Amino acid sequence: MKKLLKYVIVDIVQNKIVLIYTALLLVISLSVFNLENNAAKGLLSLLNIILIIVPLICIIFSTIYIYNSSEFIELLVSQPLKRRTIWLSLFSGLSLSLCLAFFIGAGIPILLYNADATGFMMIAMGLFLTVVFVSIAMLAAGLTRDKAKGIGLSILLWLYFSLIFDALVLFFLFQFQDYPLENIMVILSFLNPIDLSRIQILLQMDISALMGYTGAVFRDFFGNNTGILLSFLGLFIWIVFPLMISLKMFKRKDL
Amino acid sequence: MIVAKNITKKFGKLKALDDVSVTFSKGECIALLGPNGCGKTTLIKSLLGMVVPDSGAIHFNNELITNKWMYRSQVGYMPQIGRYPENMTIAHVIDMMKDIRKGIDKDPDEELVKSFGLKDILQKKMRTLSGGTTQKVSAALAFMFRPDVLILDEPTAGLDPISSEKLKQKIIKEKEKGKLVLITSHILSELDDLITEVFYMQEGKLLFHKKLSALKEETGEEKLSKAIAKIMFQQEEVAV
Chain C
1 MKKLLKYVIV DIVQNKIVLI YTALLLVISL SVFNLENNAA KGLLSLLNII LIIVPLICII
61 FSTIYIYNSS EFIELLVSQP LKRRTIWLSL FSGLSLSLCL AFFIGAGIPI LLYNADATGF
121 MMIAMGLFLT VVFVSIAMLA AGLTRDKAKG IGLSILLWLY FSLIFDALVL FFLFQFQDYP
181 LENIMVILSF LNPIDLSRIQ ILLQMDISAL MGYTGAVFRD FFGNNTGILL SFLGLFIWIV
241 FPLMISLKMF KRKDL
Chain U
1 MIVAKNITKK FGKLKALDDV SVTFSKGECI ALLGPNGCGK TTLIKSLLGM VVPDSGAIHF
61 NNELITNKWM YRSQVGYMPQ IGRYPENMTI AHVIDMMKDI RKGIDKDPDE ELVKSFGLKD
121 ILQKKMRTLS GGTTQKVSAA LAFMFRPDVL ILDEPTAGLD PISSEKLKQK IIKEKEKGKL
181 VLITSHILSE LDDLITEVFY MQEGKLLFHK KLSALKEETG EEKLSKAIAK IMFQQEEVAV
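Protein chains in written order, with the working numbering: chain C, 1 to 255; chain U, 1 to 240.
Misleading hints may appear alongside valid ones.
[Said to hold, decoys possible] Restricting the straight-line Cα-Cα distance to at most 35 Å, the calculated cross-link-like pairs of lysine-lysine (DSBU-like) are:
id, chain 1, residue 1, chain 2, residue 2
1, U, K177, U, K210
2, U, K177, C, K248
3, C, K253, U, K205
[Stated by the list, open to error] What the simulated footprint calls covered on chain C by chain U, stretch by stretch (three residues with Cβ under 8 Å from a Cβ of chain U suffice, anywhere in the stretch; the number is not a length):
id, stretch
4, 11–20
5, 75–83
6, 116–127
None of these hints come from the bench; they were simulated from the model. In this text the structure is predicted, and so the values were computed from the model without any measurement. Where a beta carbon is used, it is the ideal one built from N, C-alpha and C, also for glycine.
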C-alpha cells in the first residue's frame, strides 16, 4: 500500500488545481487576518469561508480525480494488487495531499495569527472536513460510471450538506416550534459533518450565547470533553462509513 | 493452465458472455477472434479478475481466482487502450510497475524497452506521447516481468510496421519458451505465423476452439484469413 500511496501523492501534488487551491486558501486567510484588527474576528470570517470552500473543493476535486484515474485504476487492477489496497491508496493519497494543502493554505496562517484553542480546533475541523468529503466523493464516484452524473451527484451532495440540510432543519424547527426540540437538534447536528464542525468551532469561540437556548443546550452537550470526543467520533464515522460502502462497491465493480 | 467453466456475464440486458467454457494450456498461442462486441475483451477481463462473472468459475493453475490477486503476478496484460497517469514520465511508470512487483519478480526483461527505443524518451510525460508510443509502453510493461501467461488485446493496433514486427518476433520468442499467449486481433494476416489455436466467438458464445492446422485442413485453405472467411460464409449460408 505504501508503494502505491507514494505514486498517488506525487501525482496529486503536481496537479495545478491543488496548487491553486493552496494558494487561494493562503490568500484568503492572510487577507482576512490582515483586514481585521482583531484576530478573533478574522477567525470568524475565515470560519464561514472554510466551511464552504473546503468541502466544495475536496468533494469535486476528488470525484474528478477518481474519474480521470479510471484507466489508471484499470491498469492497477490487472497487476498483482488487492482491490482494497488500490482503493484505500487512492483515498489516503487524496486525503493526505488535500490535508497538506489545507494545512499550508489555512493552518499556517491560523497558527501565525491565532494560535490558541480556537485556532487548533479550526485546523482540526478543517482537516476532518477534508477527509470526510474525500470519503463522500469516493462514494459518489463509486455510485455511477458516468463522469457527468458523478460530478453532478457530488455537487448535489455538497449543496445538501451546506445549504439544503440547514434549510430542512429550519423548516422542521418552525413547523414544530411549540415543542422542545433542543435535544433533537443535538442529534440532528450529527447528521451533517459541516454542522458538527461549525458547532465545535463556535463553541470554542465562546459566542454560543448568541445562539439562544439551543446554544445553551449545545454548550451543555458539546462544550465538555465528552462532547468534543463524541463529535470527533461522529466525524470519524462520517469518514469510515462512506469509504467502507464505496470499497464494497469497488470490490465488485467491473472495469 | 487456465480453465474456465460456464462463465456468464450480463451487462444490463446484453449477454456479453453466454455460458462459455474453455481450457487454455501451456505452450499454446491462441487467437481470440470474432466480430466487434462478441465478448472477447470481456472474456480477457474475466480472466484477469477485472470483470466479475455473474456465474461460472475460472481456475488458474488449478486455483479458483475469485478474490485472489497473487496469480496476476504470472500474467502480463497489454490493454487495448493503455492510459497512464498524465503527469508521470515513462521512467516513472516503469519504476512504479517494478515497485509494485518488488519481491515477486526479479531481473526485469527490458528487451522491448530497448528495441522500441523507449530508452531515449524515458523523461517524456505520458500525456505527450502518441497513441503508438503509449502502445509501446504497454507492450514493454506486459513482457517486463517474464510472465507465464501473456494476454494481448489488439497488440499491434496503432504500431508502425517496424515496431509491429519487433513485437511479433518477441511474441514468437516467448511462445517458444513454453508460455501461454492469448491474442485478440482483427488483422488476421499477421496472426498466421504466430498462433497454434483459434478460438472463435460470436454474440457471447463460443463458436469453435480448434487447432490452426485442423482448421486449415477442414477448410482447405492455407491462410488463416481465408479459412475464417470461409467459415463465416458457411455460417451465413446455414442461417439463410
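Taken at face value, is the distance from the CA of K248/C to the CA of K177/U at most 35 Å? violated (40 Å)
Keeping to a limit of 35 Å between CA atoms, is the pair of K253/C and K205/U held or broken? holds (23 Å)
Checking C-beta pairs, does the stretch 75–83 of chain C have three or more residues closer than 8 Å to chain U? holds (count 9)
Under a C-beta cut-off of less than 8 Å, do 3 or more residues of the stretch 116–127 of chain C approach chain U closely enough to confirm the stated coverage? violated (count 0)
For the pair supplied as a hint, K177/U and K210/U, is the alpha-carbon distance within the 35 Å limit? Between K177/U and K210/U the Cα gap is close to 22 Å, so the pair holds against 35 Å.
For the stretch 11–20 of chain C, does the count of residues with a C-beta closer than 8 Å to a C-beta of chain U reach 3? holds (count 3)
Hints 2, 6, counting from the list given before, are not met by this structure.
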